[in-house]
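**Q** Sequence:
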Amino acid sequence: MLRPSVFLLLFATGAAVAAGCATQREQRISSAEARERPTDEPCEPKGKPPAPNAVWSCGYWHWEAVRYVWVDGSWRVPP
6 MLRPSVFLLL
16 FATGAAVAAG
26 CATQREQRIS
36 SAEARERPTD
46 EPCEPKGKPP
56 APNAVWSCGY
66 WHWEAVRYVW
76 VDGSWRVPP
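By the count of my numbering, the sequence shown reaches residue 84 at its end, each step adding exactly one.
Please note that the accuracy of each hint is not assured.
Label-pair restraints from in silico Cβ distances [claimed, not checked]:
#1 Glu-46 <-> Pro-83: 20 to 26 Å
#2 Gly-52 <-> Pro-84: 57 to 63 Å
#3 Lys-53 <-> Val-76: 19 to 25 Å
#4 Val-74 <-> Arg-8: 54 to 60 Å
#5 Ser-79 <-> Thr-44: 47 to 53 Å
#6 Asp-77 <-> Thr-18: 47 to 53 Å
#7 Cys-48 <-> Ala-70: 24 to 30 Å
#8 Ala-56 <-> Asp-77: 14 to 20 Å
#9 Arg-72 <-> Phe-16: 41 to 47 Å
#10 Pro-47 <-> Ala-70: 22 to 28 Å
#11 Thr-18 <-> His-67: 54 to 60 Å
#12 Gly-52 <-> Tyr-73: 49 to 55 Å
#13 Arg-8 <-> Trp-68: 16 to 22 Å
Hints listed in this document are in silico derivations from the structure and should not be mistaken for laboratory results. The beta carbon of each residue, even a glycine, is placed where N, CA and C say it ideally should be.
Construct all of the structure, not just a fragment, from the sequences and the given hints.
**A** Structure (structure tokens):
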């Protein structure tokens, strides 16, 4: 027969392992709920280029789980 302290240790370990196996149902948004992509912003360079060979990279809309988020354009220097 197991001693009470060993039994308690085994029970606690089993409970911790079982709790780690619990999953949460993934929440999905149907295509009817998704927002349409907005129109693009004008592509105009902002500020002065940081280097003579820098090129302006226009901003764009990026999909983030449930909505579109605007990512600003930036100056890029080629390698």
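**Q** Please go over all the hints and tell whether each is borne out by the structure.
**A** Status of each hint after checking the structure:
no. : hint                          : verdict
1   : Glu-46 <-> Pro-83: 20 to 26 Å : 24 Å, holds
2   : Gly-52 <-> Pro-84: 57 to 63 Å : 22 Å, violated
3   : Lys-53 <-> Val-76: 19 to 25 Å : 21 Å, holds
4   : Val-74 <-> Arg-8: 54 to 60 Å  : 58 Å, holds
5   : Ser-79 <-> Thr-44: 47 to 53 Å : 20 Å, violated
6   : Asp-77 <-> Thr-18: 47 to 53 Å : 51 Å, holds
7   : Cys-48 <-> Ala-70: 24 to 30 Å : 26 Å, holds
8   : Ala-56 <-> Asp-77: 14 to 20 Å : 19 Å, holds
9   : Arg-72 <-> Phe-16: 41 to 47 Å : 46 Å, holds
10  : Pro-47 <-> Ala-70: 22 to 28 Å : 27 Å, holds
11  : Thr-18 <-> His-67: 54 to 60 Å : 44 Å, violated
12  : Gly-52 <-> Tyr-73: 49 to 55 Å : 25 Å, violated
13  : Arg-8 <-> Trp-68: 16 to 22 Å  : 58 Å, violated
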